[in-house]
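Participant: Chain by chain, the residues:
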Amino acid sequence: MAARVSLFVTCIVDQLFPKVGMAVVDVLERLGFSVDFPERQTCCGQPAFNSGYREEARQVARHFLDVFNDADYIVVPSGSCTSMIAHHFADIFDKEPERLDQARALAPKVYEFSRFLLEVAKVEDVGARLEEVVTYHDSCHALRELQVKDGPRRLLGHVRGLELREMDAAEECCGFGGTFSVKFAEVSGGMARDKIASIVRTGASAVVSADSSCLMQIQGALSRANLPVRTLHLAEVLASR
Amino acid sequence: MSAAFDEKIHATLADPKLQLAVYTATGRLIEKRRKAITPDACPDYQELRSHANDVKRHTIEHLDYYLEKFERNVKAHGGQAIYCRDAPEVADFVLSLAKERRARLIVKSKSMTTEEVDLNERLEHHDLESVETDLGEYIIQLAHERPYHIVAPVLHKTREQVADLFTERLGVPRETVIEKQTMIARAVLREKFLAADIGISGANFLVADSGAVVLVENEGNARLTTSAPKIHIAIAGIEKLIPRAQDLAVFLKLLGRSATGQPLTVYTSFLSGPRREDEIDGPEEFYVVLLDNGRTKVLADREKRQSLYCIRCGACLNHCPVYRKIGGHSYPWIYSGPIGAILTPQFLGVTHEPGLPFASSLCGACAEVCPVKIDIPRILLELRSEVKKSEEREGTSRLERLAFRVWAWVMRHPRLYEMAGVVAAAVAPSPDGGGWVRKAPVNVGPLRAWLSQRDLPPSPPKSFRQMWRQR
Amino acid sequence: MSRDHVLHKVRTALSRSVGQSIEEPPPSRLSIPEMDIELRIATFCARIEALAGKTHRAASAEDAGAYVAGVVAGRSAVASNAAVLRDCGITALPGVETGITDPDQLRALCATAACGISGADYALADTGTLVLLSSRQEARLISLLPPVYIAVVERQRLLTGLDELLSVLPRPAEQTSSMVLITGPSRTADIEQILVRGVHGPGEIHVVVV
Chain F
1 MAARVSLFVT CIVDQLFPKV GMAVVDVLER LGFSVDFPER QTCCGQPAFN
51 SGYREEARQV ARHFLDVFND ADYIVVPSGS CTSMIAHHFA DIFDKEPERL
101 DQARALAPKV YEFSRFLLEV AKVEDVGARL EEVVTYHDSC HALRELQVKD
151 GPRRLLGHVR GLELREMDAA EECCGFGGTF SVKFAEVSGG MARDKIASIV
201 RTGASAVVSA DSSCLMQIQG ALSRANLPVR TLHLAEVLAS R
Chain U
1 MSAAFDEKIH ATLADPKLQL AVYTATGRLI EKRRKAITPD ACPDYQELRS
51 HANDVKRHTI EHLDYYLEKF ERNVKAHGGQ AIYCRDAPEV ADFVLSLAKE
101 RRARLIVKSK SMTTEEVDLN ERLEHHDLES VETDLGEYII QLAHERPYHI
151 VAPVLHKTRE QVADLFTERL GVPRETVIEK QTMIARAVLR EKFLAADIGI
201 SGANFLVADS GAVVLVENEG NARLTTSAPK IHIAIAGIEK LIPRAQDLAV
251 FLKLLGRSAT GQPLTVYTSF LSGPRREDEI DGPEEFYVVL LDNGRTKVLA
301 DREKRQSLYC IRCGACLNHC PVYRKIGGHS YPWIYSGPIG AILTPQFLGV
351 THEPGLPFAS SLCGACAEVC PVKIDIPRIL LELRSEVKKS EEREGTSRLE
401 RLAFRVWAWV MRHPRLYEMA GVVAAAVAPS PDGGGWVRKA PVNVGPLRAW
451 LSQRDLPPSP PKSFRQMWRQ R
Chain P
1 MSRDHVLHKV RTALSRSVGQ SIEEPPPSRL SIPEMDIELR IATFCARIEA
51 LAGKTHRAAS AEDAGAYVAG VVAGRSAVAS NAAVLRDCGI TALPGVETGI
101 TDPDQLRALC ATAACGISGA DYALADTGTL VLLSSRQEAR LISLLPPVYI
151 AVVERQRLLT GLDELLSVLP RPAEQTSSMV LITGPSRTAD IEQILVRGVH
201 GPGEIHVVVV
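Protein chains in written order, with this note's numbering: chain F, 1 to 241; chain U, 1 to 471; chain P, 1 to 210.
No lab work stands behind these hints: they were computed from the structure. The beta carbon of each residue, even a glycine, is placed where N, CA and C say it ideally should be. Misleading hints may appear alongside valid ones.
Cross-link-like lysine-lysine pairs, in silico, DSBU-like; alpha carbons within 30 angstroms at most [what the hints assert, rightly or not]: (1) U:Lys-373 - F:Lys-183; (2) U:Lys-389 - F:Lys-149; (3) F:Lys-183 - U:Lys-389; (4) U:Lys-297 - P:Lys-9; (5) P:Lys-54 - U:Lys-180.
Rough simulated footprint, nothing fancy, chain F against chain U, three-plus residues with beta-carbon under 8 angstroms [as the list claims (entries may be wrong)]: (6) 2-16; (7) 364-374; (8) 421-430.
Computed from the model, here is a short list of chain F residues facing chain U with C-beta under 8 angstroms [said to hold, decoys possible]: (9) Pro-18; (10) His-63; (11) Asn-69; (12) Gln-217.
Please put together the full structure from these sequences, using the hints given.
Facilitator: Structure representation (structure tokens):
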């Protein structure tokens with residue numbers, strides 16, 4: 001019997017990068033999982049939390065807990081959203097014991113996409129093929145809060161035809177940071193330009209990451225600079241055949 | 001954020017030479033640290049960090065005990081511990097001692113704490129000359145500027161700028177060779193060391209079981225400051241305490257490596273009291289000023305008191321992508337970088353510079369490199385919440401608050417959320433060929449800010465949930 | 001009184017009362033590796049050389065004296081009152097002033113001498129560090145003011161590193177008002193990150209292991 005996986009697609013993928021969500025579904029189904037998409041899902045609350053609006057974040061987080069409370073596994077194609085749910089829900093529910101318990105019970109079931117593949121599905125080779133030279137951007141939350149570093153590289157290592165070139169400064173922040181990208185736009189833009197310079201130095205035709213928010217920032221900068229490099233979410237690479 | 005903050009940031013970003021100087025200097029420090037903490041160079045680096053965090057937590061949680069212990073031991077070795085509530089009290093102490101001893105000349109070694117209390121400014125106009133002796137601080141003093149970085153005060157200056165400064169302020173012929181500039185300063189300062197009545201230092205650590213002040217440096221000016229004059233005053237925040245001399249094994253290892261990649265700096269001084277009876281040289285009087293100046297306020301906050309663990313290594317500055325762009329002088333207070341971003345609101349209030357806790361992408365590089373494991377991003381998030389609460393009380397940022405309230409309401413109602421998505425997709429520009437969007441019809445607010453730096457993604461023909469339903 | 005005021009604020013912040021006891025601090029962490037004397041000397045010298053210091057392994061007390069004589073080369077020098085310097089014949093070298101106990105005289109000599117010469121109370125192999133405790137034998141300014149500094153280290157004083165030093169000397173304050181760890185020549189990179197030696201302390205150091 002196929003294990004049931006609930007997909008939290010994240011609001012940014014839902015609204016702006018739906019192909020990433022379809023790619024996640026594709027990869028999981030190919031691996032024999034039955035994917036469930038609870039349609040009442042919206043957001044994890046991170047934008048409000050990061051902006052200092054904890055009450056608003058709580059409201060949205062409560063909704064999340066209600067939507068996903070009977071999930072076995074929750075897969076998330078984003079390091080930052082996973083970190084919000086698995087680490088920061090406990091911070092915002094510190095005064096609501098019931099919700100805190102719910103959040104704590106939920107946390108071990110929430111998986112960032114690459115970690116789900118490696119730790120639950122226990123696969124490194126998903127049978128993907130993509131003839132391309134790519135480089136990998138380590139998104140900050142995935143890297144530092146979820147210890148996602150080697151995982152995606154191992155997964156990419158099995159993609160037939162793919163050449164992975166490391167950029168210098170792979171671990172440097174792309175400059176998105178949620179509302180930071182508009183509140184401190186100049187600084188954010190500068191960070192993005194540093195990142196794309198690093199990407200260009202590899203000669204890769206695509207940059208891959210585990211977070212669509214980073215990819216949005218990076219692609220925005222690449223496009224503004226009229227550079228032909230494209231961005232791909234890890235799921236899109238792994239779904240390629 | 002305040003207009004001042006915004007302007008300073010903009011000015012720094014618009015200066016390519018300065019950008020390059022800051023980027024290169026911090027890049028070097030990053031590389032030096034990296035080499036010093038490889039598994040070969042420092043096999044137990046992560047354990048040292050955990051241990052340091054444990055010791056600091058213990059010390060801070062029992063700070064009264066350690067302060068009193070320190071005080072007893074300072075006295076036992078012939079020195080005096082002086083508590084000061086704030087900056088004016090520090091200045092008063094120094095001035096009254098100077099007056100009593102008819103002191104004219106003070107030499108100072110590098111101390112961020114003395115900058116924090118504006119000591120040199122407060123001593124001016126009192127017939128007292130106070131000279132900085134660390135090369136970088138000396139240059140900063142001549143230039144009437146603030147240090148640019150905790151460890152590298154003149155990171156931002158070129159040799160040409162130093163040459164101009166020396167010629168203008170010292171009257172020497174213009175000299176651009178760095179080694180020769182250093183020798184000019186050396187000669188000037190040597191005279192000062194030997195003539196000074198009082199030497200003022202900071203303290204990297206205060207050792208409770210010894211009543212000792214620990215100073216680390218590479219130049220030798222701190223040794224001279226604390227050995228040549230007859231009086232030594234060490235000025236330190238109360239949080240500098242560590243319980244035992246033996247704890248230095250961990251802290252010195254972490255400080256040198258994190259700050260400059262050195263296992264040990266050239267000179268480490270462990271000073272306890274005035275010279276002993278059979279010693280040939282050293283000061284005759286020894287004072288340690290224990291400064292509050294807002295530290296007890298930070299201490300009172302359970303979550304955020306870890307901010308006081310800081311050993312002032314500067315690693316967080318070096319690794320912060322924001323610091324590396326906006327530089328030390330964009331920050332509103334003496335402490336810059338990530339540590340400055342968490343200390344400033346706690347010391348001066350969140351309204352002093354409300355934008356400061358938001359001047360971060362929360363990348364976490366600071367927390368990753370902090371030798372004492374301060375969870376800086378977590379503290380920034382708390383401070384952001386405090387800023388918003390204070391804005392709510394004062395009735396500012398109304399539009400933003402309303403926007404987030406509406407946003408939360410929409411996000412709690414899936415059908416509204418979907419509708420909002422459909423509406424946004426309908427009005428969003430869709431360039432031909434599916435390219436990214438360079439201009440928006442309504443160029444205001446966040447949209448304008450985003451587009452000032454990069455393009456926007458086009459709206460996809462269908463959202464994920466629409467595609468899911470149509471599978 | 002500020003003392004009471006500050007301590008009161010500290011206690012209030014921590015919800016602690018006057019005279020309240022504490023739990024034990026985390027045990028201090030000292031790790032002392034096995035290192036035989038030959039390895040210690042070799043490591044010690046290598047570290048110093050890596051910092052642009054010069055080292056000399058003396059075959060005997062006379063050899064040590066001869067090396068130092070070569071460095072001093074008739075220039076003015078002030079030597080501390082460490083016994084090892086006398087044993088190596090250094091205090092008898094021409095131009096070397098020693099046996100000084102008057103602070104003003106010491107300071108005046110150190111300010112003008114070309115070389116400062118001292119012994120060492122301990123040395124640390126893994127970092128190439130000299131450890132000097134201020135005492136009747138050792139004044140502070142000798143290793144600090146003159147631009148050339150020479151230290152004579154007796155091999156039995158060579159420890160593995162800082163951890164061993166703090167194990168052997170857990171409370172330096174009981175012995176001295178000043179314990180200094182010296183690791184290489186004085187240096188700065190404040191201007192444009194360019195390294196310059198001999199800023200305030202000696203720019204040239206020689207370490208003789210005897």
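Participant: Decide, hint by hint, whether the structure agrees.
Facilitator: We went through each hint and held it up to the structure:
1. Distance check on the hinted pair: Lys-373 of chain U and Lys-183 of chain F sit about 28 angstroms apart at the alpha-carbon level, within 30 angstroms; holds.
2. Between Lys-389 of chain U and Lys-149 of chain F the alpha-carbon distance is near 37 angstroms, which puts this suggested pair outside the 30 angstroms criterion.
3. Our distance criterion of 30 angstroms between C-alpha atoms is met by Lys-183 of chain F and Lys-389 of chain U, whose separation comes to about 18 angstroms.
4. A distance of roughly 8 angstroms separates the Cα atoms of Lys-297 of chain U and Lys-9 of chain P; the hinted pair therefore holds under the 30 angstroms criterion.
5. With a CA separation close to 23 angstroms, the supplied pair Lys-54 of chain P and Lys-180 of chain U stays within the 30 angstroms bound.
6. Coverage of a stretch by a chain is defined here by at least three residues with a beta carbon nearer than 8 angstroms to that chain's beta carbons; for the segment 2-16 of chain U and chain F the count is 3, and the condition holds.
7. Counting residues of the segment 364-374 of chain U whose CB falls under 8 angstroms from any CB of chain F gives 4; the rule of at least 3 is met.
8. Judged by the Cβ-Cβ criterion of 8 angstroms, the segment 421-430 of chain U is covered by chain F as claimed, because 3 of its residues qualify and three suffice.
9. The beta carbon of Pro-18 of chain F comes within 4 angstroms of a beta carbon in chain U, closer than 8 angstroms, and the hint placing it at the interface holds.
10. A least Cβ separation of about 5 angstroms between His-63 of chain F and chain U falls short of the 8 angstroms threshold, and the interface hint therefore holds.
11. The beta carbon of Asn-69 of chain F is not positioned within 8 angstroms of any beta carbon in chain U (closest approach about 15 angstroms), and the interface hint is therefore violated.
12. Contact between Gln-217 of chain F and chain U, as hinted, is supported at the beta carbon level, the nearest pair being about 7 angstroms apart and thus within 8 angstroms.
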